[in-house]
Amino acid sequence: MSAATKKLWGVLAQYENPAQVYTAAERVREAGYQKWDACTPFPVHGLDKAMGVPPSKLPWAVLVVGITGSTFMLFFQSWAMGNAYPFIVGGKPLFSMPVFVPIWYEVTVLSSCVTAFLANWVMNGLPQPNHPAFASKAFERVTDDKFFIMIEAEDPRFDLEKTKTLLKEAGASLVEELED
Amino acid sequence: MGTPTATVTLPDDPKVRGDVVLPEVLEGREQLVRGNHDFHSITETVCKVNEAPILQTPNGLKFGIALAAAGAAMFGGYIGYLFWEGPGIWGNNNPVGWAWDIVNFVFWVGIGHAGTLISAILYLFRQKWRTSINRFAEAMTIFAVIAAGSCVALHTGRIWMDYYLFPVPNQMGLWPNFRSPLEWDVFAVNTYFLVSTLFWFTGLVPDFATLRDRTTVKWRRFFYGFLSLGWRGSMRHWVTYEKAYQILAAFSAPLVLSVHTIVSFDFAVSQLPGWHTTIFPPYFVAGAIFSGFAMVLTLAIPAREWLGLKDMITIRHIENMNKIILLTGTLVGYAYGMEFFMAAYSGNQYEGFTFLNRMGGPYWWSYWIMMGCNVITPQLFWFKKIRTNVTITFILSIFVNIGMWFERFVITVTSLHRDALPSSWDYFVPVTEVFFFVGTFGLFFFLFLLFVRFFPVIAMSEVKSVMPQANPHWEGYGHHAPGPSGSGEGEKSHGAADAPAPVGGVVPSPAVASTGGHS
Chain A
0 MSAATKKLWG VLAQYENPAQ VYTAAERVRE AGYQKWDACT PFPVHGLDKA MGVPPSKLPW
60 AVLVVGITGS TFMLFFQSWA MGNAYPFIVG GKPLFSMPVF VPIWYEVTVL SSCVTAFLAN
120 WVMNGLPQPN HPAFASKAFE RVTDDKFFIM IEAEDPRFDL EKTKTLLKEA GASLVEELED
Chain B
0 MGTPTATVTL PDDPKVRGDV VLPEVLEGRE QLVRGNHDFH SITETVCKVN EAPILQTPNG
60 LKFGIALAAA GAAMFGGYIG YLFWEGPGIW GNNNPVGWAW DIVNFVFWVG IGHAGTLISA
120 ILYLFRQKWR TSINRFAEAM TIFAVIAAGS CVALHTGRIW MDYYLFPVPN QMGLWPNFRS
180 PLEWDVFAVN TYFLVSTLFW FTGLVPDFAT LRDRTTVKWR RFFYGFLSLG WRGSMRHWVT
240 YEKAYQILAA FSAPLVLSVH TIVSFDFAVS QLPGWHTTIF PPYFVAGAIF SGFAMVLTLA
300 IPAREWLGLK DMITIRHIEN MNKIILLTGT LVGYAYGMEF FMAAYSGNQY EGFTFLNRMG
360 GPYWWSYWIM MGCNVITPQL FWFKKIRTNV TITFILSIFV NIGMWFERFV ITVTSLHRDA
420 LPSSWDYFVP VTEVFFFVGT FGLFFFLFLL FVRFFPVIAM SEVKSVMPQA NPHWEGYGHH
480 APGPSGSGEG EKSHGAADAP APVGGVVPSP AVASTGGHS
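Residue numbers (numbering that gives the first Met the number 0), protein chains in the order written: chain A, 0 to 179; chain B, 0 to 518.
Hints are computed from structural coordinates only; laboratory data are not their basis.
There could be a bad hint or two in this list.
Cross-link-like lysine-lysine pairs, in silico, PhoX-like; alpha carbons within 20 Å at most [stated by the list, open to error]: (1) A:Lys-136 with B:Lys-242; (2) A:Lys-34 with A:Lys-48; (3) A:Lys-6 with A:Lys-136; (4) B:Lys-217 with A:Lys-56.
Take a look, some chain B residues computed to stay more than 10 Å from chain A by CB distance [what the hints assert, rightly or not]: (5) Trp-83; (6) Thr-190; (7) Gly-307; (8) Phe-339.
Yeah, the Cβ is synthetic: ideal placement off N, Cα and C, and Gly gets one too.
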């Protein structure tokens, strides 16, 4: 954070309620910005659509790993009981499908849930210990009751004054510049 | 944001309802949070407990933590004694080789189920009232499963051989028996614990971020900053986050049914009279939810009194939980009756003897405690006056907890103490297992009270998202005239922090008009 390396990262605008941030997000999207984001204390219903955020791809990761884990466990059980050390219990055949169901099922759930958990953070790029917005005092209330939109300077349409005006006209109660 | 109902719902109400004063519970079902809360006051109310300096912890909580820590320490000491002496210190003997260790295990695992039901099944059913109780119900689940896990890990006797349960081959190249219900149980309980923990932590991250952003104390900023993973409430993150949350809920929902089903297989797959019944899985699941909700109430009622959470955990929550207790309690009562019927109808004399012996044998007292607490108590909740009375609910929830512990005692001990060989019949007397049981309570409450002290007990971001003003199209924002200005009715109760109204001239911009349709 030495003065020499300071570089404009983007603009941060504060809104007071979900309706304001919703309207503002629509305007920013209409204006054609690409590298921008809205930060809210809770998922505002419909804001993702207003922003044009595509649906998450997370379910696909869960599906792939879930099916893999599930298949693996079924084969693994029958291999361990029937091949690695053939082991007959209660006169059942070596490949006794019904008794493999509970563990098969549990491992399906486990592998899917662990994937959903990890993929959530990986796809979101978290943990991310720092972010330019964390330098802003106002941004501390993003997890409380304030709503923010930030537009990155890297966006091709970014123009400091025009972008600021856009955010202000959309109802921002506060507009700040963020430094990298 | 002012009072939504006063300004919003009433004008829309038909005239017929005009002069009837509706109780707040019925007035507008969306109003899940009582009192004039806005987003900020929710944060303040919930964070207050976590943010008190360590030395200013409320005295009741300090005392509770100290007492529970003593219990947990006793538990640790007991484990040491168990290591030293071996399981001979228990009153277990032939024929009762399974006793309080298994009773406690089933008791604690059962308690966990309510937490998962609240967090997963009610979430999938869009029961929005769950948002204010799910966090600590999930915490209860995790700590109950920890207590259960310690019971079952210690009951093996030679604890250092517990790795025989893991899916690794032993020194003879033999894998654990995947065909055994006891092995299923290992997978079920461990999966349950891990999935519940991941689900709980995922829900906690945005709230950890709230605590991180509010604190001025260095260690707290590090602690909550570490746990919050740098969460910044990005909408692009929320999209994936909500999807992950949904999937975790969808996978946890069947776990509510499967875990206790598999626990019941431990009994039902054996051939002992009184255990070998097909009714066990549904009966165990109903009992688990029954006991779990009782424990949620036992914890929630003091919590809402002492932590000042009455606006969020309302009488409606308590009433809803009582209704679930009534339903599952009735199912459990039905299962008791059905077990008897099947014993008589099967004509099997051993089965018949077992059930008559439960009622009138040496353990008659445990049977009647169970019947009294589990069959009669929930039926009182047919009365609205009782359902909505906090004190009576609290007392009855304790009765249910006691009754459900005795249910497991009755199932485990009475079936074992009269086995097929009369010469080995005996009367089981616990020796030091009482300390074991009390110790699990110490461990459970120690973890739970630490959670109450340092973690947000109410899922703030979820509660905020179900408040009427969380909807960007809420009428209070006057969205029919897009943009927050104009309209005159814009209730801005944020006080000084409130926004200067944006310039009116920008309102009908083409951008907004093009997305119209929300007027």
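Checked hints:
no.: 1; hint: A:Lys-136 with B:Lys-242; verdict: violated (30 Å)
no.: 2; hint: A:Lys-34 with A:Lys-48; verdict: holds (16 Å)
no.: 3; hint: A:Lys-6 with A:Lys-136; verdict: holds (18 Å)
no.: 4; hint: B:Lys-217 with A:Lys-56; verdict: violated (37 Å)
no.: 5; hint: Trp-83; verdict: holds (35 Å)
no.: 6; hint: Thr-190; verdict: violated (4 Å)
no.: 7; hint: Gly-307; verdict: holds (18 Å)
no.: 8; hint: Phe-339; verdict: holds (29 Å)
Checked against the numbered hints listed earlier, the structure breaks hints 1, 4, 6; every other hint is satisfied.
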